[in-house]
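Number of protein chains: 2
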Amino acid sequence: MSEPQPPAQPAETPATAEESIPGEAKGPSKNELKKAAKEAEKEKKKAERAAQQAEAAKAKEAEVDLSTEFYGKSPLHQSQSRPNRPRTQIASLKPSLKGEKVLIRARIQTSRAQGNKMCFLSLRQRTETVQALVTVTEGKISKQMVKWTAGLQDESVVLVEGSITVPPEVIKSATVGDVEIHIDQIHLISAPDIRLPFSLDDASRADSEIETPGVQFNKVLLDTRLNNRVLDLRTQTNQAVFKLQAVIGELFREHLVKAGFMEIHSPKIQGAATESGASVFKIGYFKGEAFLAQSPQFAKQMAIAADFERVYEIGPVFRAEDSNTHRHLTEFIGLDLEMAIEEHYHEVMEMLDGLFLSIFKGLRDNYKKEIDVIGKQFPADEFKWREGPEGTLKMTFKEAVDLLVADGVDREILDDINTENEKRLGRIIKAKYDIDYYIIDKFPMALRPFYTMPDPEDPTLSNSYDFFMRGEEILSGAQRIHEPGLLAEIMRSKGVDPEALKSYVDTFRMGCPPHGGGGIGLERVLMLFLKLNNIRRASLFPRDPKRLDP
Amino acid sequence: MSEPQPPAQPAETPATAEESIPGEAKGPSKNELKKAAKEAEKEKKKAERAAQQAEAAKAKEAEVDLSTEFYGKSPLHQSQSRPNRPRTQIASLKPSLKGEKVLIRARIQTSRAQGNKMCFLSLRQRTETVQALVTVTEGKISKQMVKWTAGLQDESVVLVEGSITVPPEVIKSATVGDVEIHIDQIHLISAPDIRLPFSLDDASRADSEIETPGVQFNKVLLDTRLNNRVLDLRTQTNQAVFKLQAVIGELFREHLVKAGFMEIHSPKIQGAATESGASVFKIGYFKGEAFLAQSPQFAKQMAIAADFERVYEIGPVFRAEDSNTHRHLTEFIGLDLEMAIEEHYHEVMEMLDGLFLSIFKGLRDNYKKEIDVIGKQFPADEFKWREGPEGTLKMTFKEAVDLLVADGVDREILDDINTENEKRLGRIIKAKYDIDYYIIDKFPMALRPFYTMPDPEDPTLSNSYDFFMRGEEILSGAQRIHEPGLLAEIMRSKGVDPEALKSYVDTFRMGCPPHGGGGIGLERVLMLFLKLNNIRRASLFPRDPKRLDP
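These protein sequences, in sequence, are chains D and G.
When we follow full-length UniProt numbering, the leftmost residue of the first sequence carries the number 1, and every step to the right adds one.
When we follow full-length UniProt numbering, the leftmost residue of the second sequence carries the number 1, and every step to the right adds one.
Note that these hints are calculated values from the structure, not bench results.
Some hints here could point you the wrong way.
Since the list can't tell identical chains apart, any single copy or any two copies may satisfy a pair.
In silico lysine to any residue, SDA-like type, Cα no more than 25 Å apart, as pairs [said to hold, decoys possible]:
1) LYS98 <-> SER493
2) LYS282 <-> ARG547
3) LYS243 <-> GLU342
4) LYS432 <-> LYS531
5) LYS369 <-> GLY260
Generate coordinates for the entire structure from the input sequences, incorporating the hints supplied.
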């Protein structure tokens, strides 16, 4: 990195020769000559003094910087040595540690020089920031060190040594505002070598703030963010979003492992295009071709036929649908489970319901801080669900249709409930019950994939359910058909050739317990719980029909 | 399912008319006629009696079966009702529960009729089996019920009701041998409707048992197993193998979450063919094309540049290499991690070492039962590592070469250590230290991918390491280059165009802390810890250049 240049000062106009040395045209008198010689002597001495002073000043500047070893650019980190000096996390700083020395690696979020003797830094680690201060100190911190520090670019990674102090007032701009670091040493580990496409402050603002009349902020568009995702991900909002993404996975596993589920990993490369009408991506596979799994549906059912009893999988699923909406990705993370059932598929539905409740509760009870951080940029009314003995709101597809009809939707178009009416239903239920989470059971057989078990009494209905958050579907599941004859029959009735999926159908010819399951879209749960409004914000490096990079 | 037919009995030859009715050619005497009439009458009565008896027997068979409701085929399970009767797990059975009634859903592993009054079943759930017995009992269990039970095909799923008894002697063929179930009711839930390609007993034998002179067992070949993987996976061995696969994942996560790592999910669909020379699969992506990620290398480094500090990922990785060996798959599960480093890349190496030790220890200390089950079919000397203060054996690449040279390998061919010499090194180290796990550090730069950080003193060496189990590589890792200038330079020197991987290189132009990591092949760890000898046995549904199904 090149060091920043100080702003150019307007040069002072020097005295001209004409002014300082009188002209000789008149011919000088002796006295005048004497006087002139004296003057010249004086001038010479003055110039010499000035030169000496300048030299001295220059020398002082060069020599007197006693701080050179306390600041500067570190050599490229190639693991040259290992002194074993512990680093401190900003999150662990607190007033009771006053006076202690700390060594902190952090980003400079912003810096602000005050005159030429003092510079404030906002140091950041993930979701935490703290204010640090470098100030000219006799024998320790030179003006040059302050100047160099003030010139560091935002988003530089620095190693800072200093002591913990307690500021007279809490520093509101920092998340850890009750302490301040007085810097003794600062070294640059890594710095941007390009002009950053946006500042983290700009990237962290809520739309409402940007739209405040009378202020002018740069709005960072979603596409700009995604094109520069590494920078965008550094906002405190995104640090919290992806922490919660990981937490949802943890809560999912924790609940299922307790319930006796085992993790499986099923192949994403498939010999045959799979289950439903949804398009699949085609792969060149040596001299032949293959397909990317659009879900682990077949594999997890095969795991049940293989007696694993209760299995779950967390893994990518692929959809070659050219859907450019706020809620579609071509690759997302499926949280899938499948389990043998004893008496009724509601065993599965209840397992899934318990799973969601434990995820919601886990998020609300233990991650309030992250939810609040995200709420600053993406304000959301708190996600609500029914707690207490009556349990989650469940209704049949027919009852859902009746609710929509009562709200004025034409019954004739309600053979299926489209996205728009799904949302409308969400609003109806929100208004009626003040909840954002509910289950719809007993979907018409015509709307479900061929492996769905029909209802025992009405063959036009099925043993299947969807789960909803804020009026959007986040889970689809059902009892499956475990009898190969019926499976083949329904495949044919839905225009699928059982021969094309022979190894799947054959699975059930080796005997299989009754079973059911469901698949959850991780990014959708994250987006809807936090109301991020676009699924791309819930995916680390999102993939859609138009985005493959970064 | 059609019920199994009893084996056809040879029909008894009926008496012919010629024999029973004498010819009339000679002309009978009166006495003869009288006698004949008497005989005929006798025959008639006999026939009538026989017919009556047959009818009675038939009637008896139809009427007297008082057990019909206690056995039979259940109607297709479509969740007709939900009586809420709890099921019992075989694993929880014990003699102290003697006399208690239980309801168990299980597979019939084998059945054995004793005469026509008794039938023994071996009932199986995952890794556990118990003996059950159905025996003719006045007013409760009919001969027909016993016969029907004896006719059930192996691998049928049944629902059995009975009481727990304690056999006089432990039943050696069952894993839960100190109890026996006396069956009151048995219903068939699902049965194979094909002839099974192999029996689970055959599929569970060790090679040594099959090769015992004088016995004749069917050997089930690996290909046959994989073609019928659902059946193969039901062996107790495989139930244990995949339980341990899940356990390794759990131990991996547990260790890393404690150390402050966060789970990420990176996209498997990539816009550019990635990092190294290894071939990648090409995908049709709408009107363009894309590639399957051969590792999450770039994404996890980008997560570090995005300040997530310590990340891990468990997900599929894809290799389009036409390698048909015991240890290559085209799709496997990568256990990947990446972390920022403070002083030295050995921080990462030690993190990975601690991770492996906690996996090994977790397996050995808590899953002895599963390891022993697997050991019966795949005998293995116990996996050993160095415990205690001196820690894991670590050596440099140069030291490893010296060991091989001392063992007689020509130094000239040791610019790289090939698979054969890797194994030889494993044997040398095993002989010298009696351990199966060690680390080789400081690989030549020429052998490593372009993103590897060179050694600070000798630029022909690198800050990189491999980890080994039983002489096979299971992890590769390094400090990475976080400086874009050096990265581009080394890319060019290795024939990679930095422009082709622009968004990756640009990552480091936004500032990035020094970092390092590693990638572990889950199936290799599982295979080598258990000595399964072929990686396909460690993958639920393996994919190799020749296998895409099931």
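Broken hints, by number: Result: hint 1 breaks, nothing else.
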